[in-house]
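Number of protein chains: 2
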Amino acid sequence: MADYNALPLVVLAENFAKLPGIGMKTAQRLAYHVMSMSSEEAKAFADAIVNAHETVHECSICCNLTELECCPVCSDSRRDKSQICVVESPKDITAFERTKEYHGVYHVLHGLISPIDNVMPDSLRIKQLLARVKDDSVKEVIMATNPTVEGEATAMYVSRILKPLGVKVTRLAFGLPVGGVLEYADEITLFKALENRNEI
Amino acid sequence: MADYNALPLVVLAENFAKLPGIGMKTAQRLAYHVMSMSSEEAKAFADAIVNAHETVHECSICCNLTELECCPVCSDSRRDKSQICVVESPKDITAFERTKEYHGVYHVLHGLISPIDNVMPDSLRIKQLLARVKDDSVKEVIMATNPTVEGEATAMYVSRILKPLGVKVTRLAFGLPVGGVLEYADEITLFKALENRNEI
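These protein sequence lines are chains X and H, in that order. Okay, so the first sequence: first residue is 1 according to the numbering used here, each after it adds one. Okay, so the second sequence: first residue is 1 according to the numbering used here, each after it adds one.
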């Protein structure tokens, strides 16, 4: 945006453009939209940013993001504390909760091991997971990282650390997605589906 | 987002979701991204919103958005004040300035006449345009609204009001877009290109 644009709008657009998936053109459009908000709406938006940033932090147990000392899942007495589902990010918890079929607790790693992006095991919440498994009566750790190179590597790394502690470590099943079409399945998925076939 | 998500994050995501073209899923992703910012970045983002909203207003002459009393184009003595290019929104000025070929001034209507959306001529900056044309030595008004039903209707409406004042009112040319392919041109564009053909 050149000098015929209002400077505060340019600054706002540059802030929007820092968000993931938002280019300069969209950022400019969003900045103009902010101008069409009422003062109260704009103030509420700004406050929401600062408020979220100031009050939300990691749960002292599972490292999920929460504004409480301990997140609602960890503090829920009905959840099975002997089962920990290890995920990459808080978003993944939302996906699991949607299934309404998982009653254990979670652990958020906040990333995956990826030497190419300079993400080493030390920068993830693996230490915290180890402490949980050592301290509590944890029976099973479910590695629920994405089925990608980084997700697989992280699942392998974590499971090798956990196994000596005598805990059962499992991995999400790979196979055909429900509602998918065989014809369009890639060869690795189809191979996994064949390999992990079940008797009916 | 259900109750296992941190409330301040839900509020922030809802604010993002109010922006045009941003659904709840993207909004959630953006909210998580804000959490990964430094405190300074989050504060700067929030400040940019409030600052833009408080300091940017319409130019007293052309109604473009600016933080100054009078926008840089209107206060530039090198611009030809006898030529006014009428556009729908401030974004359109950016597009014209990119051509580097327009040396006149602008007038921003802040919308197009659209009875279906309850946008009537009174809610646009037509009165201000009339005042400019009456007061100043304006020779030409270029109607540069979009080639849509609303854009055309607005161009027609404004030109009928301006013509009795003795000013020349022109409309942007319609034709084939440069670099376009004849085969894919719609019939109305092709008809316009044929109708407005020039001798070479």
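Hints in this document: simulated from the structure, not taken from any laboratory. Hints should not be assumed to be uniformly reliable.
It does not matter which identical chain is meant; a pair holds if it fits inside one copy or across any two.
[As the list claims (entries may be wrong)] Subject to a maximum C-alpha distance of 30 Å in a straight line, what follows is the list of computed DSSO-like cross-link-like pairs (lysine-lysine):
#1 K192 <-> K43
#2 K18 <-> K100
#3 K25 <-> K163
#4 K139 <-> K25
#5 K25 <-> K168
#6 K134 <-> K25
#7 K81 <-> K43
#8 K100 <-> K163
#9 K18 <-> K192
#10 K43 <-> K100
#11 K134 <-> K43
How the hints compare with the structure:
With identical chains, the CA atoms of K192 and K43 are never at most 30 Å apart, being 51 Å at best within one copy and 47 Å at best between copies. For a Cα distance limit of 30 Å, the shortest separation of K18 from K100 across copies, 28 Å, qualifies, whereas the shortest one inside one copy, 35 Å, does not. Within a single copy, K25 and K163 get their C-alpha atoms no closer than 50 Å, and across copies no closer than 36 Å, so neither meets the 30 Å cut-off. Taking CA atoms no more than 30 Å apart as the test, K139 paired with K25 passes in neither setting, with 51 Å inside one copy and 33 Å between copies.
Neither within a single protomer nor between protomers do K25 and K168 lie at most 30 Å apart by alpha-carbon distance, with minima of 50 Å and 34 Å respectively. In this homomeric assembly, K134 and K25 never come within 30 Å of each other (Cα to Cα): the closest approach is 51 Å inside a single copy and 36 Å across copies. In the homo-oligomer, the alpha carbons of K81 and K43 never lie at most 30 Å apart, since the shortest distance is 41 Å inside one protomer and 37 Å across protomers. Taking identical chains as interchangeable, the C-alpha atoms of K100 and K163 lie at most 30 Å apart only when both belong to the same chain, with a minimum of 28 Å there against 67 Å between chains.
Taking the closest pair of Cα atoms, K18 and K192 never come within 30 Å of each other, the shortest separation being 39 Å inside a single copy and 42 Å across copies. In this homomeric assembly, K43 and K100 never come within 30 Å of each other (Cα to Cα): the closest approach is 36 Å inside a single copy and 37 Å across copies. Neither within a single protomer nor between protomers do K134 and K43 lie at most 30 Å apart by alpha-carbon distance, with minima of 46 Å and 39 Å respectively.
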